[in-house]
Amino acid sequence: MLTLIGVAIVVIGFVLRMNPLLVVTVAGLATGIASGLGPLAVVAAFGKAFITSRYVAIVWLVLPVIGLLEHAGLKERARSVVAGLRAATASRVLLAYFAIRQITAALGLTSLGGHAQMVRPLIAPMAEGAAENQYGELPEPVRHKIRANAAAVDNIALFFGEDIFIAIGSILLIKGFLVQNGIHVEPTQLAFWAIPTALCAFVIHGTRLLLLDRWLRTELARKQSDT
Amino acid sequence: MITLEHIYWLTGLMMAGVAVVNLRDPSNPRRFNNTAFWGIYATTFLIGSHLPDLVNGFLVIGMVLVASIRGLGQGKRESSTREEREASARRWGARLFIPAVTIPLVTVLGTFAFKRVALHGSLLVDVKQVTVISLAIATLIALAVGMAMLRPPLSAPIREARRLLDGVGWAAVLPQMLAALGALFAIAGVGNVVSGLAQRWIPLDNPFVVVLTYAAGMAVFTMIMGNAFAAFPVMTAGIGLPLIVQRFGGDPTIMAAIGMLSGFCGTLMTPMAANFNIVPTALLELPDENAVIKVQIPTALLLLTANILLMNFLVFRR
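Chains as they are written, first to last, in the working numbering: chain A, 480 to 706; chain B, 22 to 339.
If you are wondering where the hints come from, they were derived from the structure by calculation, not from laboratory data.
Just so we're clear, the structure is a prediction, and the values are computed from it rather than from any experiment.
Keep in mind that the hints are not guaranteed to be accurate.
[What the hints assert, rightly or not] With a Cα cut of at most 20 Å, we get these calculated SDA-like pairs of lysine to any residue:
| # | chain 1 | residue 1 | chain 2 | residue 2 |
| --- | --- | --- | --- | --- |
| 1 | A | Lys654 | B | Pro254 |
| 2 | A | Lys527 | B | Gly83 |
| 3 | A | Lys527 | B | Leu72 |
| 4 | A | Lys654 | B | Lys149 |
| 5 | B | Lys136 | A | Ile647 |
| 6 | A | Lys654 | B | Asp272 |
| 7 | A | Lys527 | B | Leu86 |
| 8 | B | Lys315 | A | Leu690 |
| 9 | B | Lys149 | A | Ala536 |
| 10 | A | Lys654 | B | Gly270 |
| 11 | B | Lys315 | A | Thr686 |
| 12 | A | Lys527 | B | Ala207 |
| 13 | B | Lys315 | A | Lys654 |
| 14 | B | Lys149 | A | Leu690 |
| 15 | A | Lys702 | A | Pro620 |
| 16 | B | Lys136 | A | Gly648 |
| 17 | B | Lys149 | A | Ser532 |
| 18 | A | Lys527 | B | Leu75 |
| 19 | B | Lys97 | B | Pro174 |
| 20 | A | Lys527 | B | Ala204 |
| 21 | B | Lys149 | A | Gly587 |
| 22 | A | Lys702 | A | Gln613 |
| 23 | A | Lys527 | B | Thr64 |
| 24 | B | Lys149 | A | Leu651 |
| 25 | B | Lys97 | B | Pro308 |
| 26 | B | Lys315 | A | Pro620 |
| 27 | B | Lys149 | A | Phe656 |
| 28 | A | Lys527 | B | Pro174 |
I would like the entire structure built from these sequences, with the hints used as guidance.
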């Protein structure tokens, strides 16, 4: 049971809104000590795990070029492109990105997206621009809600698209694990049975995206009648 | 051959550049903290592979202390006014999209091409890491295109990287930290304890209850670990294989496919999946760090319900 102390520390730390880096480090060290490692061995294990996880940070290499383009007006340009499309609304922009992201992920093109390289410089400004086009200047909370939705679209479309592609990490992990347990499965079969959930994800989240336009309409109408 | 190590050098150089720009910027009230934080981080990329594990461990602890005791600051936020950027956007027009679109296109092309391209009989890049290496190469090409087109001062890219990276702050390191925590959880056997608890306390003699426990357990355990890949072996060995497959004769393929996707529903609801849920709130400058999770929770819960029903109908079909 003492092994679970790290889980408890993480939950408490996040609830108390302490600095997550500190919480995670303390949780890691506590878990290591609870499992019987000495203090220095725990620090070494943590250092080793941190070093072998460095690949997670490679995405930050996009920042110099994205920053350069933002300085030159990339976000403003993305907004004005959408402003030229009369039919564009925040919901429709996000729904179109959702469909493209899910389909390309299903074809194995999982890198055609991402928060740093697509959502911040292009998708979020486009969705905001479409809403501005309809309603004029947006209040900050509305702006934030549209941006949060843009980030969520990228996640949901990726998660429930990528598993339809046979060579993706999770499919290979499933196959590897089942083989170890003496069960042979075909990656194509695993990918096939990801399709029903993918369709449900598209219907569920697509419907919620369409409701976003309705929320914007009532929210901004209420704001206008207040003033 | 280009390996991950070379990409780490590149990342280390960028982090070192961010540290230097911070050091020379008096408009940031905590500039020495930022310099120390990104400087140590740069060290782990540049020479981390050659340092003893213990030294790396203390470097990480040093970063955490710098970030949590006095905190990191930010320099003067914007490098240009909105009017300047709008004028620049009109001047460059759609050409601004060229470098931005270069990144995903070259990454995807590289992923396919580098598996086949060989020089003097040996491959050009490490095939196991081809996606990450392609991404790094794509950013370099996009940067070259952007520099040739816009002709800014040579220091502009690193100053802009500093602006964005300090905007994200310590959250930039959180995903890597959580990956390290997951590794420690695995060493300590946290998974076995959790599946032991589930088997002891939940009545597992009805097929629907077993499916419900497996799928919901995948989601909850993924929320704790921040990663469905960590939850899958534990829940499948603890509940999926012995009960759904062996006792009730369910189809292992369908169970595993939908089980993993149930875990992904958990990923949408947890701050532990920081790179998907916390980092974007920093990147998009949202005041509430749970803003993305709040948007995702209704979809995640509806989809988890759909997964449980789908698995219940499909897995026992035969």
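Quick rundown of the hints versus the structure:
no. : hint                 : in the structure
1   : Lys654/A to Pro254/B : 11 Å, holds
2   : Lys527/A to Gly83/B  : 15 Å, holds
3   : Lys527/A to Leu72/B  : 10 Å, holds
4   : Lys654/A to Lys149/B : 17 Å, holds
5   : Lys136/B to Ile647/A : 16 Å, holds
6   : Lys654/A to Asp272/B : 14 Å, holds
7   : Lys527/A to Leu86/B  : 18 Å, holds
8   : Lys315/B to Leu690/A : 16 Å, holds
9   : Lys149/B to Ala536/A : 17 Å, holds
10  : Lys654/A to Gly270/B : 19 Å, holds
11  : Lys315/B to Thr686/A : 17 Å, holds
12  : Lys527/A to Ala207/B : 14 Å, holds
13  : Lys315/B to Lys654/A : 33 Å, violated
14  : Lys149/B to Leu690/A : 42 Å, violated
15  : Lys702/A to Pro620/A : 12 Å, holds
16  : Lys136/B to Gly648/A : 17 Å, holds
17  : Lys149/B to Ser532/A : 15 Å, holds
18  : Lys527/A to Leu75/B  : 8 Å, holds
19  : Lys97/B to Pro174/B  : 19 Å, holds
20  : Lys527/A to Ala204/B : 10 Å, holds
21  : Lys149/B to Gly587/A : 16 Å, holds
22  : Lys702/A to Gln613/A : 14 Å, holds
23  : Lys527/A to Thr64/B  : 14 Å, holds
24  : Lys149/B to Leu651/A : 13 Å, holds
25  : Lys97/B to Pro308/B  : 18 Å, holds
26  : Lys315/B to Pro620/A : 14 Å, holds
27  : Lys149/B to Phe656/A : 19 Å, holds
28  : Lys527/A to Pro174/B : 39 Å, violated
Hints 13, 14, 28, counting from the list given before, are not met by this structure.
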